[in-house]
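Here the structure of chain A is known, so what remains is to put chains B and C in place on it, guided by the hints.
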Amino acid sequence: MVRLEGPEVADLTLFYSSGFHESAGRRSGPVLGRGGTFIPGRTARERSKGVSRLRCLPWERLAWLGVAGLTTYTAFDVLIFVGELGYYNVAYGWSILGVLAFGAQITLALTATVIPIGFAVGFLVGWARTAKSWFLRAIGGTYVEFFRGMPPLVLIFFSSIIVSLVARSYFYVEDAAPYGIGAGALSLALHSAAYQAEIVRAGILSVPAGQREAADAVGLTAWKTLSRVIMPQAFRVSLPALANEFASEIKDTSLLSIIGALELSFWASLFIRDALALDLNLVFVIWTEVALLYFAITFALTRFLRTVENVSKVPGLEAAQL
Amino acid sequence: MIRVRGVHKYFGDLHVLRGIDLDVEKQDVLCVIGPSGSGKSTLLRCINLLVRPDAGDVFLEDVRVTAPEIKPEWVRQRIGMVFQSFNLFTHLTALKNVTIGLTHVKKMGKQEAILKARRELERVGLGNKLDAYPAELSGGQQQRVAIARALAMDPKVMLFDEPTSALDPEFIREVLDVMAKLANEGMTMIVVTHEMGFAKEVADAIVFMDHGQVLERGTPQEILERPGHERTKSFVGKILR
Amino acid sequence: MGGGGLTLTGIARDAVAFLRGGLRAHWRSVVGLVGLLGFGALITFLLGQVGVLDLPFIARRWDSLWIFAWVGVGLTLTSFFLGFAFATPIGLVRAYASGVFTRRKGRPAAVVSFARARELYGTPKAVRVVGARVLRKALVAPAYAFATGYVEGIRGTPFYVQMWLVFFFAILAYPALPGWVQGGVAGYFNFLRYPRIPEEFYFAGLLALTLNTIGYQGEVLRAGFQSVDQGQIDAAKALGMRGLRIFRRITLPQALRLVILPLTNEWISLLKASSILSAIAVTELMFQSKQLGVNEGHPFEAFLMVAGMYLLINVTVGKTAAYLERKTRIPGLGIPGTASGTRRVRGRVPSRGREAAKN
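Protein chains in written order, with my numbering: chain A, 106 to 427; chain B, 1397 to 1637; chain C, 14 to 372.
None of these hints come from the bench; they were simulated from the model.
Among the chain B residues that face chain C by a calculated CB cut under 10 Å, a handful are:
#	residue
1	GLY1476
2	ASN1483
3	HIS1487
4	GLY1497
None of the values given here were measured: they were computed from a predicted structure.
Positions of the beta carbon are idealized from the N, C-alpha and C atoms, including for glycine.
This is chain A alone, in the form it adopts within the complex (with noise of 0.2 Å):
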């Protein structure tokens, strides 16, 4: 028989009369405020010490930015220097980049249309993976074999030509490359859709099996249990493969330039052919160019992808073995 002797049990009584566990994911650092994600509102501890809600504000994110703002003068002093000697011509890397940003918009419009279109399928045909009935199984899994075999430019194509020619042929329409392109952007999240669905599938596996018998015994419904016992557990672990699903989305969505998405891959090719004509170190602007802009898509991404992976951070619960 393992005796808690004295010490033990007081400690435990100080920890918890504390507090201090309330503010889990929330904690304060030395100097520089709780760190982690912010999350509004007074912790218990800023609360019972009396913190004025000014002060709990994060302050000390600004120091960030003037760092961010430092780093760029310095980068651009650099740039400007580099250009001076001959290796990195500024003045054209400044001449394309606004074509190159309205490129950037593009993909983030079509970005933003595709992920979420991609996600709504993908957690279903993942859901259906692991339903009860084989029927559903079935179906899932001619998906995402189907899908996922297919290179994502074959279906690209040729959905967007089979769309234009149905509505030029059917409908009439006039101009059609926006139906083209719209059928393009839903193949391609139809394509993501097939690997997000077994990640989905893999977070929903990996959640215990005791968790649906606990459930049960509870008395909780089937509709009950899955909302919310099973999936806000699979959901938080499949987070960061779906992040990384994402990230390759943005990547695809190059291939729509191929049937005349102004994106920003369109843009890059074009300047490419041009300034080989003219210059290879052009091009070695253009790349760098690019380069930047689709790691700032994709960090913004993976950032905010990681914020909803800290907000809904529940300790103990590990990524799911795919």
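Same frame as chain A, but now just chains B and C:
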């Protein structure tokens, strides 16, 4: 045989070993007990130089092994180690696990190595499992292969780092039996363990460690039945039911 | 039919067993296959009858697809293995040199410890030791920086953009290459009996694919090297083995088996990327499908044919990959995050081993 003098080790800011002094004579079996985090594993690893002490010295038969001229490989050929998580080479059969050290470190011929490996595996009771892969063996069998692997190198000292802590209860006995047999045959052993029954029966001395220091040393009877130090008393009180 | 390693006799034995097993052993997959094909054939036939699909067109032009499929597969295979050769050093550098840019607390930099080295070894040897350390850092750090920059650059940008870069560059640079290189390239593609288009295009496509796969394979190899259990490396050190020997005998055999699954996934990704080469007029499957679909005016039929062809390739590759992985698998070993990495074997009798359970 083994002398540890004033060994200190830091991991970053953490002072893991705070001045350890230890003596182990030939054919002695020394058991090291203590709570988690007291530095027992680190101490073992300092002895065979898997971890380099930041201060202090370790002597193996009067050779100062912490001296910079001594190559760690020289030390490790003379000291065998058995790990808590077995650490068998999963892509090799039991036989090859034992022969790999012989052929590549001791530069033995292939046939000779196989003969010796077979003998060692029979010594630990696994003569019929020569061609089994670690994944096909139970935990107890895996640990016994690990012991055979270390024994095949003919070490002067054997170090055991919580050898039974990762085992299912049904397999603990077989490993402890092998270790007891080894002790009876006269091997010098340093064993970090929580198995007090083993310590009582087999050990010549027990050392209690806490927070990186050796707090008490004595015979099994002294430490387990009449502990002197306050911390030893509380630890032994929790371990023995 | 697990483990046992990959040998010719093993494969032959498995083939015989498969054929002999015949219908009784494989009836499930036969039923599944027949069902799927039958279903697809039925739909196609019906659509053909209704007039939506032009069946004779499919029958006529199906044969022409094979050579173009071969172009895609051939380019993928070539660039895959070329890429593997170059990705190995990149994976190695990223796996083992990541320490150059980190400074651990309590571990002094090479220069600071010169004083300590001097008191340990005496001045002449200290100079040698510290000099060697500095030299190693100076050589390894740029290599690590380059490898990381390259891998992150490739993985962070779309293949489409990389392809255009390489394409324009290759087209301009190809005539400037020495004659024997051009001859070799042309000869290689002739040997493979590719359709006759200017070799620059094939060359550009191959280069783009290779550069891309180097980035991804480098990452896979790095993960493979780092996934080998650190405990086994400790055990090897405790036996007295040294770094290079440990790498050759312990890390490498296990890492190579670990990466088979991710590498086959990468191969399939590469095959899909090769379809993008159609945009630079490389005559592979996607290009031909564009021909059939747009120029010959049968988009539906072309899509069905191409989809069927790609599915055929993928099923074949998938089955081969699963077979390979099964034959070389070490039970219980896998990169965490992949299917083979979730098998728990340690300390428990594995359920698949009836013989093990008998003791």
